[in-house]
Structures are given as C-alpha cells and as structure tokens.
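**Q** The lines below spell out each chain.
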Amino acid sequence: MAYTVSKLTDYSSNALLKAFGEAKLAFREELRGASSPAGWKAVRDRWMARKNGILTQINDRLMAAPKEAKREIGQYLNDLKQFVEKEIETWQEHEEGSVGKLAPLFQSVDITLPGIRRPIGAEHPVIKTTNEMVRVFQKLGYSVADGPVVETDYYNFEALNFPPNHPARDTQDTLFIAGQQGKAQRERLLLRTHTSPVQIRTMETMRPPIRILIPGTVHRNDPPDASHSPMFHQIEGLAVDTNITFGDLKGTLDHAMKEFFGSSVKTSFRPSFFPFTEPSAEMFVSCFICGGSGRRGAEPCRPCKQTGWIEILGCGMVDPNVFQFVKDNGYDPKKVSGFAFGMGADRIALLKYGVDDLQLFFQGDVRFLGQWA
Amino acid sequence: MKISPQWVREFVELAVDDRRLAEDLTGVGIAVEGSSGSGADTVFEMEIGTNRPDAMNHYGVAREAAAIYDLPLKQLSGLGDSGAKAQSNFREPNAALKRRSSTVHDAAGTKTSAAKAASSTASDGTTEVVPFPSVSSSAVSSHDASFPIAVEEPQLCPRFTARVIRGTMIKPSPEKIARRLRLLEQRPISNAVDATNYVLWEMGKPTHVFDMDLLEGGRLIIRRARNGEKLKTLDGVERSLISEDLVVADAKKAVGLAGVMGGYDTMITDKTRNILIESAWWDPLTVRKMSRRHGLHTDASHRFERGADFESTILSCDLVAALILESGGGELVGDAIDVVSRKMDQAPVVLRLAEVQRILGGNLSTREILRILKKLGFTAIPEGQADMQFYVTAPSWRLDVEREIDVIEEIARLHGYDKFENTLPAYSGAVVELPHAAMDATLRERALALGYNEAVSLTFISHADAEMFSSAKVLELENPLSEEASVMRTSMGPGMLDMLAWNLNRDSENVRLFEMGRVYEMAGGERVEPTRACLGATLAAVKGSLLAGGALDVSTGKHAVVAEAFRSFKGDVENLLAPFAYVELTFDRETSEYFHSGRSARALMDGAVVAQFGQIAEDVKSQRKLRQDVFLAEIDLERLHTRGLRTVRFKAPGKYPAVERDFSFVFADVVEFEAMRRAVTGLGMGALRSFTPVEIFRGGSIGAGKYSILLRARLQSDEGTLRDEQIAVWSGELVRALQGLGGVQRA
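So the protein sequences, as listed, match chains S and D. The opening residue of the first sequence carries number 1 in the working numbering; numbering runs sequentially from there. The opening residue of the second sequence carries number 374 in the working numbering; numbering runs sequentially from there.
With the rest of the complex left out, here is chain S (with noise of 0.2 angstroms):
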C-alpha cells in the first residue's frame, strides 16, 4: 500500500505530529516490504527524488500553510527527512556487508525470550522481615540487643515476674535442658520461650535511659504443624526512661506499624495479661490485606478471619516487680518507667508474605525461598 501524501486542512501541532508520524512509519514499512537491492532502490526514489518525491511533494503541500504553522512545519519536515536519509544509509551499509544476502532491515534479537540470569541469593523471608522490623526502630533510636538462647529460669521467668509454680508459666510450654535437677531452679538451664529475658540482660548492663530492640530465636514445646512451630523468631523491644507512659507505649508502636505496613494502617490496644508488664495489651493493625473491610471482593478475608484487624503484638508497660530485679542499676520503678512490646516475625511474615504454612519456612525449599530472589 503506497503512501500518498493527503492533503492538511489541520495545521495544528498535534495534526502535524500524527501526519509527519505516519509519513514515517509508511516509509519504514516500504523499506522493510524491499525485498531486493532494486526494491529498495526503488523505495529510496520514490522518498527522495528530487523532482515530485514525497519529501518534495510534502514540502510543496504544506506551501499552503499559515505563516504562524510555518516554522514548526519546516522543523517536523527537516526531521522527516534526516529520519529517510539515516534509515537508507543504515540499510545500504548493511547490504554492502552482508554480500547480496538479504536480512531484516534491523539486526533485531527476540527481545522476549527470558535473559541469561546468573543465580542470586534469596533472602530468607523471616530474617528479611525482622531486618525491615529492625530498621524501622533503629529510625526511632533502639538499638539491637542479644543474649543466649539457652536461658536460666532465673531470666526467663522470675526476674520478668512469672514466680515459681505460677500458673503463667503453663503458657509457656518450656523446653527443658535435661540433667539440671540438681541445681537451684534460677539456675536450671531451658531453652528461652521469649527473647524478653534480653531485657533484664540488657537492664543489667546498661543503665537508663535505654531504648533496644532483642531479635531472636525462641522455642516452645509445640509440635509442628501448619501454625506452629517449636523454633521460632521474636522480636522484642524495650524503652526505659524518666516519664514513659501508655500513651508514648501506643505512639511509638503506631509510628512504627505505620512505617512498617504503609502509612494507611491504623492501630488498635485492647487489654491482655503478661506478667512482666502492667497494664498489658496486645496490639491490632487494620488489616492491611483487606483494608480494614473484612471482605476480598466477594470474598470473606482470611487472615483478619473477617474483623478487619490482625493481631500482631503483645506490649505493655513494664511491670515494677520486674524492675525491682534491676533495681540497683538504675531501675527504680518509683523514678523510671518503661514499656516493653514483642512479636512473632514468623507470624508477620506469614500475613504479610500470604505464606499458609509455617513449616515452609524451616524446610529449607529452593522452590520456596527462590521466591524472595
């Protein structure tokens, strides 16, 4: 189908930018249709002869223009015709150099096909989530704290106020290092069911005001399954300090879900019981999955189960028996206060990541993990 150049009654910039757009596309489309060195030949006349090529025939049209049309038009035209005079010459250096062989007028690759990818790391979806977790705290001034997995009693139930034989400690489901029934119960080792016990390590050590934040690996005597797991990650932080209050418990910890999730998340404490904070609470966020509406379209949302809200965290403000144990540090519950939050980065990842299964993390599966690549 030949180009002929139509006649403009529209000398509008957007009537020349298609006209002039279209003078080009037919023109690549001839030269591509050249199946011959006489082919092209042909075409290169036909654009750019002198006398009644279409450059010429273009050029004599737009004669008729407005005068205030005239300089864009002479722009768009000098443009048309280094366009044909680039796109020849590229077409006749390459039929000199392929020896009479005729290939497509670009030397062009398949750029569909899927490109060459050299392997890279996947980061573990947990550990990723926790370092996400971390950096929004380090933002707000916490700094990152450790202590052993395998704890004594002493710190992993009694300075954090769960006393000997307290029916607290049930909903623990403690691990126990074996062979330690002969030592006094502080001393006996388990394997930590919180990474709280970081707290008293940490108060110990350093005096306040202090702002930290304990990840870790915790473990409990659950039988795996899809919920459940008997090693887990934790991550808990603690600020001590002259004048905190609930209220500065529930501003640092929106801020933080906010940064975390996306600044549309809202934050809601209702009352629960630790015994190493009071009063205690665990904290919801709107579901950021379904926005707050329960509903996936028709669907009912399963990860808030309908509510609207996920629970994320447990937090509270530290309880003064726990800082009766680190008293002589500095922790004088009659002149600092404190709040302290935790929460499952397994579980976190779970929401966030859609995971149904938390056995998947634990496995060790490429199929898995390359996901996060």
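None of these hints come from the bench; they were simulated from the model. Hints may contain errors.
Claimed, not checked - The list that follows gives simulated cross-link-like pairs (lysine to aspartate or glutamate, EDC-like), each with its CA atoms no further than 16 angstroms apart:
no.: 1; chain 1: D; residue 1: Lys626; chain 2: D; residue 2: Asp638
no.: 2; chain 1: S; residue 1: Lys335; chain 2: D; residue 2: Glu728
no.: 3; chain 1: D; residue 1: Lys375; chain 2: D; residue 2: Glu418
no.: 4; chain 1: S; residue 1: Lys128; chain 2: D; residue 2: Asp813
no.: 5; chain 1: D; residue 1: Lys375; chain 2: D; residue 2: Glu406
no.: 6; chain 1: S; residue 1: Lys334; chain 2: D; residue 2: Glu777
no.: 7; chain 1: S; residue 1: Lys352; chain 2: S; residue 2: Glu132
no.: 8; chain 1: D; residue 1: Lys549; chain 2: D; residue 2: Glu383
no.: 9; chain 1: S; residue 1: Lys266; chain 2: D; residue 2: Glu383
no.: 10; chain 1: D; residue 1: Lys375; chain 2: D; residue 2: Glu558
no.: 11; chain 1: D; residue 1: Lys1024; chain 2: D; residue 2: Glu947
no.: 12; chain 1: S; residue 1: Lys266; chain 2: D; residue 2: Asp791
no.: 13; chain 1: D; residue 1: Lys662; chain 2: S; residue 2: Asp170
no.: 14; chain 1: S; residue 1: Lys334; chain 2: D; residue 2: Glu728
no.: 15; chain 1: D; residue 1: Lys644; chain 2: D; residue 2: Asp584
no.: 16; chain 1: S; residue 1: Lys305; chain 2: D; residue 2: Glu396
no.: 17; chain 1: D; residue 1: Lys792; chain 2: S; residue 2: Asp170
no.: 18; chain 1: S; residue 1: Lys183; chain 2: D; residue 2: Glu558
no.: 19; chain 1: S; residue 1: Lys305; chain 2: D; residue 2: Glu406
no.: 20; chain 1: S; residue 1: Lys81; chain 2: S; residue 2: Asp60
no.: 21; chain 1: S; residue 1: Lys128; chain 2: D; residue 2: Glu818
no.: 22; chain 1: S; residue 1: Lys86; chain 2: S; residue 2: Glu29
no.: 23; chain 1: S; residue 1: Lys305; chain 2: D; residue 2: Glu418
no.: 24; chain 1: S; residue 1: Lys139; chain 2: D; residue 2: Glu806
no.: 25; chain 1: S; residue 1: Lys183; chain 2: D; residue 2: Glu851
Model the placement of chain D on the given structure of chain S, informed by the hints.
**A** For chain D alone, coordinates are given in the frame of chain S:
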C-alpha cells in the same frame, strides 16, 4: 472457654446485640475469640487471661458487661432458679430454702465493705456492682453442725463450707440445665453432678457432691495424704498419693483430691439419697502442684490455682442445693457448715493520682477514675484532704489486684486503651550496632550475591548426628519433641544436609543454601553459643556455576569434573572469607570425617582455622540417602569476628607494561600447586605480580601418576619497562625452582 451470651443476659439487661457485646467485652480484655450458633444457641469462644479467674464464668462476664454499659447487675441469690421477685428481679426462693437463705443474708449484711455495697444495691437498685453475699468467721457453726469437719491444714484450706441434703432422688437434670451444659459442650450426668457443674459455669466457684452415706465415720477431715495412700478419682484412675498431696477424707480413707477431683468410691450414683455439698477455698499453689503431679487439669483445679472467690463458698453451696432440691426433692438439713480457718487478707492499696498520670499519661479526671473503680466493685476512700490519693480495696473476687499498678491497669482497661492519646517520647541516647553486625551483614550479602538462598533450619538434631558432626559436649533436652530432635545442634551440618536432601527428594537438583546461626555446646561446665555460617550446594549447582571457558583441568574423565567442582565451591568460600582482615589464607586437608577425605579442605587465616569445606563423604551421603554428591562448608564466625573487616589499602596500577611468561611442566601427582607457589614466591622476585595455573592435563602422552600443568607468571616493574635479558634471567630462576620440586619442563 465457652460462654452463652443468652445466659449472661439473665444477669444484666443488655440492650446491645451479641456481636456488639463480643466486641465490647474484647475491648476490656474479656476477649471473645469467636462465636458459633445463633439466637439463644449462640456460644462465644473466650480467651481469658490467667489473672482473671473471676471472669471465667457467666456471672463474671455479666459483671464486666454491667461495668461497660453502666447497667445494674442482678444479684445471684442462693435460692436458685424459681421465679422472680418483683422488686429486685431476684427469683422467688424455693420454699425449702427460704429459711436458710435469710440466714445467709443476715450474716452477709454486716460484713466487709464490699458487702455493704451489696446491701445498698439491694435497697436503691442504682449501684453498679453487686458482690456475692459474704459471711464472716463468726458464722462458723461447727459446734451445731450436722456433719463435723476438721481442717488439719488451715493454711492450705482457709475455708471449707458444706451443706447436707437428705432424701433426694438422683435423676437426669431438667431440660433447661442439661441444655445449657450441652451448649457449653459439657456432658449432663445427673441432677446432682450437673448442679455442681452448672454452678461452676454460672458463677465460677467449683463445688463437689458426695454420697453422704458412703462417707465412713460420719465426718470429714482435711489433711495431708499419707505416702502411698490410694485414691481412685472420679475418672476411674487409682492414684497413689504422697504426703504433699492434700485430701478430703472421711474417718477411714481419702475421698477427694483437694480442689482437683473427687473420689470414685463416694460419688453420686442412682442409689444416692443423702448428699453432702462441698465448697472450699484451697491454697492455689497446693492445688497447682497436685494437678501437675497427677496430670489432672480440671475445670476446678484451673480456677483454684488461679484464686477462687473466698466469699462465695456459701452462695455456691446454696446454688447447688437449690438445683438439687428443685429437681430431686428432699430437704436441707441444718445450716451451712462453714469452717473458716483464716481470713483472706485483701489490704487496701494506696492509689496516687500522680502515679496514674505518670504511668498512663493523658488526662484522666478524678471523677472518671472513681467512676471506673466503683463500677468494678472497688471501694475508694480518700486519704487526706486534697483528693490526691485514695485507699482502694478490691472486691473479694479480684485476688489478682494487690498493688497500685494493678488498680491503674483496671482504670486504663475500662477507660479504653484506644482513648489514650498516642505520643512519641523524646530520647537523647544514640543507636549503637552490635559489634559484629557489619561483619555478619557483609558475609550474608556475599552469600546472597553468590547465589545461595538464605535458609533457617530447626535447632535440634539427633544424638547420632551430634556425635558424628562435633566433638563438643551437647546440651540434651529434658522433654524433646522426638528422638531425632533431642539435643541442641552442635553443628549446622546435619540441618544443612537435611535441607539438601529435602530438595533432592523433590526433584530440585540445583540447590545452593546458606544459613547463619548459633550452635550450642557445653564448654568448661558453661553453656556457650558460638555463631556459625554454613553453605550447602548440590553437585549440579556447583558445576552449574563454573565459568564458561574457565576450566583449568581440561583432561577428560571423572577426576577433572570432580576437581573443577571442588574448585568452584572453594571459590565461593574464598569469596566469603575475602572481606576479612588477614595476611595469608592457606588450606590443608585436616577435615572432619564426614567430609570426603580427598575432596575437602580447611581454610586457615594466618594459621587459625576459620572454615572447613568440600564434598561430603560417600558413607554420609548414602546414610542420609542423598541422591547427589553435595558440598558443605562450615565457617567459624567467632574466629572471623576477631579479625574484623579488611580496610582496602590502595595500590597504584603499574605505569609500565606487564609481561606474561608461560611455563609448561610435568609433575608427579603428589606435587600440589601450593608447593609450586611457595617455591616461586620464595624467590623473592620483586617484579612477580602473580603466579597462576592456566591449564592442567592428565592422560594422553603424560604417564600415569603424573600431570602436565601450564603456569603463568606475570612480571611488572615500577621502575621501568622490563628488558628481555632481565626477563630471561628471572624465567631461568623460576624454572630451576620448579625443577627443584621434581618438575620436568616440556618443550
């Protein structure tokens, strides 16, 4: 725990629907986790904290609801479920109980301050909270009791209340009772047994019923068990007791495990006509220890070990009695037998408004604080003139409230957590990193860049693996989940091999994993938790990462494949170690037995071992049913941490051209490249920039036990362009050094 909202509504006239009720209860910490059924059959699934035994029943939940909505709470009458009194909404007492009930109420009217609140409620009907009627020790009436009760352990049984019913009939419970119990997934048994169960769920106080005719000697004794004493409990299990157990006994034998479960031999049967109802207050710790010792966690022990309401023993006896009389007939004999050995001490706590402000922040008015406390049944008496502090006494059912902070929590809870304004505290401290954070991050980034997927494996391994993979003393678990997971890992090797096997068993052939974490050992009597990094890769993955055209060993046959694979894996280890500060990295063959003896190495930084790596031994491969050869690297992060990260010292690239000279030699197999490298670098040639192998070949014209190696020296001077004569001299030295190792230069 299950709660029927319909039942709750009997005690408080709620305007809200069940859905809203659930939300609001959850908002004050009486969490409704789920709801099933509909209408009158709606059941809430509750999650109530261990500190709130008072809310683990319908009346307790109703009390919270009354506090939330500022509604009056109907009083639980000891007179059962028969008709309502017009004035106060209480049920008309059963005729047989009328006398008894008034006795109780007379006693209650003069008691604690909480009880005063009760009587005021009854008269004006406006007070929010109605405690249970209470009774003081003056009500103890053992001298005229119809059934003598001796408490030998007053510390462990401060109160023991009993009632006697004679001439009743045992039969199925009325439908209303049975239906409610079924709704809570409790199995109805008989009217007498169901009465205790019903009362437990109604108002939270566990009680027990005995067939009185089976109690020998006509009396009860609360005493320690004798070592070896036998008691068959209601579940039909014969238990052997020890002297730490506390029992209810008759003159001859134990008839109940205190606060945990009653005895089988004295239980209610179809033949029972005479019943003794027990409602006691047991020492929480004693009940807890017995419950654990005998593996018997019951609804009763659950409540006793968290602290039951000391003041509700008579009321609960009355409620049980009323239900039995109503369904089975018979008559009450005598008064309640109420043995109070010691009073529950609930001293008032001082609540300072300044402390409320210091802990909670915000601006709670004194009026709001006092309103909340009153609604929850607390009394607050101002101390001094300024109204800045109060003596606050908790109601008898709130044994969990003992301190000022406990009262502050109650205030925050009922005020509503979400009503407190969010604030951000100021802070003047600095953020510091853990000392090894940067090193660990560097290593991790490199492992990721090398194509290793980050993995996390469980921290438990089997005894067998612990023995094979480490000589360290293990930490064994007292209560492991399984034999395969009975000790804390002393090596990350087993976990890594398991993960590789997992993948190979699922047709993932190309696997590269790394894990960073701790191992757990006993060292010098102390536990230590050194950190380690571990790499794992399948042969397919290791071969896959060989650079095209980069092969050094160009021989045909398996040996070259193996050698190149090892070199590929070694390169990954070298890349991980490279950012650390060291002068010289060397390798030896002193690896653990689970490595292939000929295809593994240790890496030493300036003589200190930092890693071992290589192919896994054949027997380990077959034991673990690995479908492919796999490679493992164990890196000692503790050792690396002592080194720190290398700081780059800039070296100018040479100004003058470099010259390369190749040397082709044949060596015996026993001569390794390291020997050549040492011999050549030992020449102290200042211009020698590098000395590398370029090609290795075995077979063909090269005899067995030998190999040909092409070596390349790169020479460059900082002073000027190297002259041919100088290069020739150096080449000669180099050749002689290699010949000194037995090498034969090829033409």
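**Q** Does each hint hold? Answer for all of them.
**A** Quick rundown of the hints versus the structure:
no., hint, in the structure
1, D/Lys626 - D/Asp638, "holds (10 angstroms)"
2, S/Lys335 - D/Glu728, "holds (11 angstroms)"
3, D/Lys375 - D/Glu418, "holds (5 angstroms)"
4, S/Lys128 - D/Asp813, "holds (14 angstroms)"
5, D/Lys375 - D/Glu406, "holds (10 angstroms)"
6, S/Lys334 - D/Glu777, "holds (12 angstroms)"
7, S/Lys352 - S/Glu132, "holds (12 angstroms)"
8, D/Lys549 - D/Glu383, "holds (14 angstroms)"
9, S/Lys266 - D/Glu383, "violated (36 angstroms)"
10, D/Lys375 - D/Glu558, "holds (8 angstroms)"
11, D/Lys1024 - D/Glu947, "violated (21 angstroms)"
12, S/Lys266 - D/Asp791, "holds (11 angstroms)"
13, D/Lys662 - S/Asp170, "holds (12 angstroms)"
14, S/Lys334 - D/Glu728, "holds (9 angstroms)"
15, D/Lys644 - D/Asp584, "holds (9 angstroms)"
16, S/Lys305 - D/Glu396, "holds (14 angstroms)"
17, D/Lys792 - S/Asp170, "violated (32 angstroms)"
18, S/Lys183 - D/Glu558, "violated (44 angstroms)"
19, S/Lys305 - D/Glu406, "holds (10 angstroms)"
20, S/Lys81 - S/Asp60, "holds (14 angstroms)"
21, S/Lys128 - D/Glu818, "holds (12 angstroms)"
22, S/Lys86 - S/Glu29, "holds (15 angstroms)"
23, S/Lys305 - D/Glu418, "holds (14 angstroms)"
24, S/Lys139 - D/Glu806, "holds (12 angstroms)"
25, S/Lys183 - D/Glu851, "holds (14 angstroms)"
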